[in-house]
Structures are given as C-alpha cells and as structure tokens.
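Enquirer: Here is what each chain is made of, one letter per residue.
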Amino acid sequence: MKEILNLKNVAVEYDRHGRKVRAVAGVDLTLNSGEILGLVGESGCGKSTLGKAIVGILRPITGEIVFDRQKVKKLTRGKRPEHFRNLQMVFQDPYGSLNPRRKIGVQIADGLIVAGMSKKLALVKAADLLEKVGLPRNAVDRFAHQFSGGQRQRISIARALAASPTAIIADEPISALDTSSQAQVANLLVNLVDEFDMGMVFISHDLSIVRRISDRVAVMYLGKIVEVGTVDQIWNNPSHPYTRALISAIPHADGTSFMPKDLPGDVPNPMSPPSGCRFHPRCPLAKAECASNEPELRKLADGRDVSCVLQTAGSQPVTITLN
Amino acid sequence: MSAILKKFKRSKSANSIWRQPLAVVGIVIILTWTILAVFAPWIAPYDPNAQDADKFLTPSAQHWMGTDELNRDIWSRIIYGARISLPYSLLLVFLSATLGSIIGAISGYAGGKVDSFLMRVTDVFFAFPGIVLAMAVAAALGPQIRNAVIAVTIVAWPVYARLVRGLILNAKQNDYVTASALLGSSALRTMVVDLRPNLSGPVFVLASLEVGNALLLLSGLSFLGLGAQPPAAEWGSMVSMGAVNFDRWWVGLFPGLAILTAVLAFNFIGDSLRDALDPRTAKALRD
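Respectively, the protein sequence lines represent chains A and B.
Under our numbering, the first residue of the first sequence is numbered 1, with each subsequent residue one higher.
Under our numbering, the first residue of the second sequence is numbered 324, with each subsequent residue one higher.
Calculated directly from the structure, the hints in this document are not laboratory data.
In this text the structure is predicted, and so the values were computed from the model without any measurement.
Don't take each hint at face value.
Unchecked claim - Derived Cβ-Cβ restraints for the label pairs, each shown as a range:
1. A:Pro268 / B:Arg512: 37 to 45 Å
2. B:Gly434 / A:Ser148: 54 to 62 Å
3. B:Ile473 / A:Asn138: 36 to 44 Å
4. B:Gly434 / A:Asp232: 56 to 64 Å
5. B:Thr357 / A:Ser148: 44 to 52 Å
6. A:Glu64 / B:Gln496: 25 to 33 Å
7. A:Pro81 / B:Ile358: 53 to 61 Å
8. B:Ile350 / A:Asn138: 45 to 53 Å
9. A:Gly18 / B:Gly434: 13 to 21 Å
10. A:Met117 / B:Gln552: 53 to 61 Å
11. A:Asn191 / B:Leu354: 45 to 53 Å
12. A:Pro81 / B:Thr357: 23 to 31 Å
13. B:Arg512 / A:Ser148: 56 to 64 Å
14. A:Val318 / B:Arg512: 54 to 62 Å
Stated by the list, open to error - Calculated lysine-lysine pairs in the DSS-like style (CA-CA distance at most 30 Å, straight line):
15. A:Lys20 / A:Lys73
16. A:Lys2 / A:Lys119
17. B:Lys495 / A:Lys103
18. B:Lys378 / A:Lys52
19. B:Lys436 / A:Lys74
20. B:Lys378 / A:Lys71
21. B:Lys378 / A:Lys79
22. A:Lys73 / A:Lys8
23. B:Lys436 / A:Lys20
24. A:Lys132 / A:Lys120
25. A:Lys74 / A:Lys20
26. A:Lys73 / B:Lys378
27. B:Lys378 / A:Lys74
28. A:Lys299 / A:Lys287
29. A:Lys2 / A:Lys20
30. A:Lys52 / A:Lys132
31. A:Lys79 / B:Lys495
32. A:Lys119 / A:Lys103
33. A:Lys71 / B:Lys436
34. A:Lys120 / A:Lys79
35. A:Lys119 / A:Lys73
36. A:Lys79 / A:Lys287
37. B:Lys495 / A:Lys20
38. B:Lys495 / A:Lys52
39. A:Lys119 / B:Lys495
40. A:Lys73 / B:Lys436
Beta carbons are placed, not taken as given, at the ideal position from N, Cα and C, and that holds for glycine.
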C-alpha cells in the first residue's frame, strides 16, 4: 500500500463579514492507494470544506497537503499543473456539476484535450469511459438534461476518470440520489477504486453506505478528526464518545437495535468553538479537565487514532458506553 | 451568428415566435426595408441626389412623398437612406455587444478589484444620458458617419457588460466550472468553452432589442448634423431638414415614419424573442 495523500495540521478558515470561521481546525489524515477512506460527521462539521481544500479549491491557512510527494497549491487562473490533474473530485449536486449547454462527450473529452490529445481521439476515449461507468456509448452526443440524477453522477465520475486520477475526493456523491441509484453509484465507485488502484476519500453523512464501502473511516466533529480507524474498529468498538453516539444513531434492521442515542444540545457554532475538547459540552462522559485541555490524536494499540482523554496512547481501547 | 439562428430554429421556443403576431409584423417590416435597401437602384424612381424637380413639391403621382428644399425626391432618398440606417445599426449592435460582452466577461470572471474597477467605469457611462454622451464624443471626433458609429458604440456597450457580468457570476458558481479547472483548463479556456454557451441566448435577445435604440441614436446624431454628412441620404438628417421647414409637413414626416417603423419593428422582434426564450414565461414552457 502506497501513501498517496497526506494531510498535516490542515486548517481552513472562512471570512464571514470580517469574522473568521475556522471550518477545519487542524486535521491530520493519510490516504493510501486502493483504499476508500470514509469521512463522516454531522452537517457543518467541515467535511466538504476539507474535501475542497484537499483538491485545491480552498487554500488552507495552516498545515500542508501532500499529494503524491508534491504539495497541493490552490487553483489559479492558469492551467492546473499536470501532476495534480491526477487528483480529482466528484461533486454532490448532479445537476450543477455538468454543463447544461454542452454535449456530454466533449465535457468528458475536455480533460483529455487539455492534456494534449486530439479531439477526435478524445471523443472515442470519452465513449470508452462512458461504457466503463455503465452508460451507452452514444451518450456522448446527448445533453445533461436527458439523464437522471444517478446517470449524471456516473457521467461526472467518467469525467474525473478522464484525468486518469490516482486519488478522487468524492464529496457526498450519492446523497442527492434516490436509493436505487445510490447503490449503483456506490458499487461503481468501489469497482473503479479496485480496478485503477486509486485512493478515494468518500465524504458522506450516510453511515450505512460508508460502512459498506469503506476500508477505513475518519470521524469529524466541528472541524477536527476525533477518530480514525478501520470500519470494524469504528463499528464494533468505537473508542470516542462522539463516534459511539454517531454509530448508535444508525437504525439496525436486525431487530436487536437500540434506540438512537440523543446527544444533549446542538453542534456548537464554529465561530466560537468550546474551549478544551470540542465535544465536551455534549459529552455524557466529560470530565473536568475536558473543558480546558484539548486532547491530541493518540494512536492506540490496535492501530487506530483517537482524540479523547479516556483513551491512552499505546494501550487497547477502553470500551465506551453511553447510557 | 448563424449557429445561434440555427439553434433558435431547432428549439421549440423558436416556433412560438411565429405565433406572436407582433413578431410577424416586425419581421415583415424589416424584410420590406431590407428588400428596399438591397434593390434601391431598381426600386427608387429617381436618383436620390438628383436635383431635377422643383423644390418643395407636395406629394403627387410623380413624387409620392414630395420633394425637399434641394429639389430631390424624398421617396427615393428614403429608400437609399435604408442603405445607411439598417446596416449601420446592425454594425453598431454587433460592435457594442462584442465590446460590452468582453468587458463584462472579464469583470465577472476576474471578480475582486478588476470587477469593481470595470463596473465603476460602466457606472460612469450609465450616468450620462446616452444621446448627450454620444453627441460629445461625435463632436470631439468630428462630424462623420464613422465617428457617429464610434460614439454610439461607446454609449451602448455598458448594458451588455452588465448583462454578461451577471450571467458569468451566476454560471461560474456551478460545480462544472470548478470541475473544468480541476481537469486542467485555464480560466480563459473555461470561459470560452464552458461559459460562453450560457451567454449567447441572452446577449442575442438584448442585441435584438437594442437595434432599435442604436438606429434611433444614430439618426439622432445625424439629425444634429454629427452623423451622415450631406448630400448622403440619411433618415435622421432628412428629418432635420423637415424641422427647419416645418410648414412643409412632408419633408420631415416621411423620413420620421421610416425611422418609426424600423425602430418599432426591431423592438417587436426583440420583445418576442425575449418572451420566447425566457423560461419564466409560462407560455414558452407550454409551447
């Protein structure tokens, strides 16, 4: 497994009427080739902002993002450096992500034409890519409005594939789709990651899909990563109280389900995040020190990282129970 | 241009333009003027500059619209006048639409300080009444039809700049613009390849609405002596001859009517195009 993407202490701020909102507040993360990393968290926790910073749509104020040994720079008006064309993004909105006035074929071919391929050849390649994502070759001559949401999303994926990516940031690629298309697009993504040995960050708030397709999962809360581990670790033995609460919020179909655990209060305003551990005002297990000390990510004996005072670096995770 | 026209023909909304009676009236009038202009030497009964008749003859069978102060046949001069007014107003619209669109596109895409600067410049142009600014420019450059064209272009571009800037601002928020940048397109390429197709429809409609204004401004400058120079037959300058001979009603009335019909016809066409292409018009949706 080769490390394709590495984030160190990445923070992103928005300027809202002169006040700074730190949507991402120091994130460390790695992504390997051939792996799907699920990035989960409630709305507004900074998942999408982080995704945009990774590909260079937003500029982080601190930290660095290294893609395939080179530091990611913000997009400029000029051509994107060739090296970074292998880092692509799939967007959430299947309607805004395709140009309504251009044929599908040329939109996909664009990535190849920019890279120097002749238009004729690029259009043939575009048809190949459409086939790859399960659409008919003659879709090249049609317009976006002639396709359903799921089909459009597959077209967007084909367009990203045109740049022969080694890493894809998929920003909620299936949340806007109906259930049957969700499954198809999710399966397509899994197959493509296997086939092309890409790395994929799969941003989503749909935990059951993330559990099905991801290899590892990163849980975000209010701009910070609270826990990163394998799907088994996260689901079978969450070691952070927030992860615990999030996992229990999934309704189980097997009848042995427990009621979703309600956390007290709402997600705090990111303009004025709480002191100490960002989760402490809502944490049922909070101690006095949590209000003042911000816990660092620590690596546990089973390989996962977690930021909670209840866990000790290097030892086995302590089982978290909320009641 | 022809590509746009073809698109209109193909789209369903283009059919609806033929169902709008005013549009048909406009198209018929413009076609008539076009035929008159193109075949002027065969249609006009007299040489437009010949001074063979008597001066100020009232309209009659020989001179349908009478003659002017210099013994010239007014009907012939109106027919030849269409050869100036129509092509020049189309040229004007083309020039100002191109100039305005480029400035608006730069403004909308660049944003920030470039945008503020360019928009303040357009504000300055908007602050003057069009004809006053056009007069000032034409007077500074010297009375000539070419300078009048420059003057009207300078007055007319800001509307296009505003429109295109708004369209670009709207369109560039779409993810497909970001996606195109991620694939490696430069900003210029994204603008030409991805954003331009969103502009052609609205700009075309605005341009068709503006042809009438351009014609009016150009005639206005000629009326004031800043446009076409004698002895050229031009509608605006013919009206001005009517203004100094006010008791001879036919001298000013007929060229005035020519301007009126042409301006009205262009506005009819422009209005109908806008209605036909505006997605918010329920009628266009039904058609």
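Enquirer: If a hint holds in the structure, say so; if it does not, say that too.
Expert: Checked hints:
The given range of 37 to 45 Å is respected by A:Pro268 and B:Arg512, whose C-beta atoms sit roughly 43 Å from each other. Between B:Gly434 and A:Ser148, the C-beta spacing of about 34 Å breaks the proposed range 54 to 62 Å. A C-beta distance of roughly 50 Å is found between B:Ile473 and A:Asn138, which places it outside the suggested range of 36 to 44 Å. Taking 56 to 64 Å as the suggested C-beta distance range, the pair B:Gly434 and A:Asp232 does not conform, at roughly 47 Å.
Checked against the given bound of 44 to 52 Å, the beta carbons of B:Thr357 and A:Ser148, roughly 47 Å apart, stay inside it. For the pair A:Glu64 and B:Gln496, the supplied restraint of 25 to 33 Å holds, since their beta-carbon distance comes to about 28 Å. In this structure the hint that A:Pro81 and B:Ile358 lie 53 to 61 Å apart at CB holds, the actual value being about 58 Å. Checked against the given bound of 45 to 53 Å, the beta carbons of B:Ile350 and A:Asn138, roughly 37 Å apart, lie outside it.
Take A:Gly18 and B:Gly434: their Cβ atoms lie about 18 Å apart, and the range 13 to 21 Å holds. Between A:Met117 and B:Gln552 the beta carbons are some 56 Å apart, a value that agrees with the proposed interval 53 to 61 Å. Hint check: A:Asn191 to B:Leu354, Cβ distance near 60 Å, so the stated range 45 to 53 Å is violated. Between A:Pro81 and B:Thr357 the beta carbon distance is about 53 Å. The supplied range of 23 to 31 Å is therefore violated.
At roughly 29 Å, the beta carbons of B:Arg512 and A:Ser148 sit outside the given window of 56 to 64 Å. Under the hint 54 to 62 Å, the C-beta atoms of A:Val318 and B:Arg512, about 55 Å apart, fit the expected range. Proposed proximity of A:Lys20 and A:Lys73 is supported: the alpha carbons are some 22 Å apart, at most 30 Å. Taken as a hint, the A:Lys2 and A:Lys119 pair is broken in the structure, with Cα atoms around 34 Å apart against an allowance of 30 Å.
Between B:Lys495 and A:Lys103, the direct Cα distance comes to roughly 18 Å. Compliance with the 30 Å bound is thereby established for this hinted pair. Proximity of B:Lys378 to A:Lys52 is assessed by CA-CA distance (about 78 Å); at most 30 Å being required, the pair is judged violated. Only pairs whose Cα atoms come within 30 Å are accepted, and B:Lys436 paired with A:Lys74 is accepted, the gap being roughly 19 Å. Distance check on the hinted pair: B:Lys378 and A:Lys71 sit about 85 Å apart at the alpha-carbon level, beyond 30 Å; violated.
Only pairs whose Cα atoms come within 30 Å are accepted, and B:Lys378 paired with A:Lys79 is rejected, the gap being roughly 70 Å. Distance check on the hinted pair: A:Lys73 and A:Lys8 sit about 14 Å apart at the alpha-carbon level, within 30 Å; holds. Distance restraint check for B:Lys436 and A:Lys20: the Cα-Cα separation of roughly 22 Å lies within the 30 Å cut-off, and the hinted pair is therefore satisfied. Among the hinted pairs, A:Lys132 with A:Lys120 is consistent with the structure: their alpha-carbon atoms are about 19 Å apart, no more than 30 Å.
Distance restraint check for A:Lys74 and A:Lys20: the Cα-Cα separation of roughly 19 Å lies within the 30 Å cut-off, and the hinted pair is therefore satisfied. Proposed proximity of A:Lys73 and B:Lys378 is contradicted: the alpha carbons are some 79 Å apart, above 30 Å. For the given pair, B:Lys378 sits about 76 Å from A:Lys74 by alpha-carbon distance, which is inconsistent with the 30 Å threshold. In summary, the hint linking A:Lys299 to A:Lys287 is supported, as the alpha carbons are separated by about 21 Å, within the 30 Å threshold.
Distance check on the hinted pair: A:Lys2 and A:Lys20 sit about 36 Å apart at the alpha-carbon level, beyond 30 Å; violated. This hinted pair checks out: A:Lys52 and A:Lys132 have alpha carbons roughly 26 Å apart, not beyond 30 Å. Straight-line distance between C-alpha atoms of A:Lys79 and B:Lys495 comes to about 17 Å, which keeps the hinted pair within the 30 Å bound. Taking the CA atoms of A:Lys119 and A:Lys103, the gap is about 14 Å. The hint holds against a cut of 30 Å.
Proposed proximity of A:Lys71 and B:Lys436 is supported: the alpha carbons are some 29 Å apart, at most 30 Å. For the hint pairing A:Lys120 with A:Lys79, the CA-to-CA distance comes to about 22 Å; that is within 30 Å, so the pair holds. Our distance criterion of 30 Å between C-alpha atoms is met by A:Lys119 and A:Lys73, whose separation comes to about 29 Å. With a CA separation close to 51 Å, the supplied pair A:Lys79 and A:Lys287 exceeds the 30 Å bound.
For the suggested pair B:Lys495 and A:Lys20, the alpha carbons sit about 25 Å apart, so the restraint of at most 30 Å is met. Taking the CA atoms of B:Lys495 and A:Lys52, the gap is near 16 Å; set against the 30 Å cutoff, the hint holds. Proximity of A:Lys119 to B:Lys495 is assessed by CA-CA distance (about 24 Å); at most 30 Å being required, the pair is judged to hold. Distance hint between A:Lys73 and B:Lys436 is fulfilled; the C-alpha atoms sit about 22 Å from each other, no more than 30 Å.
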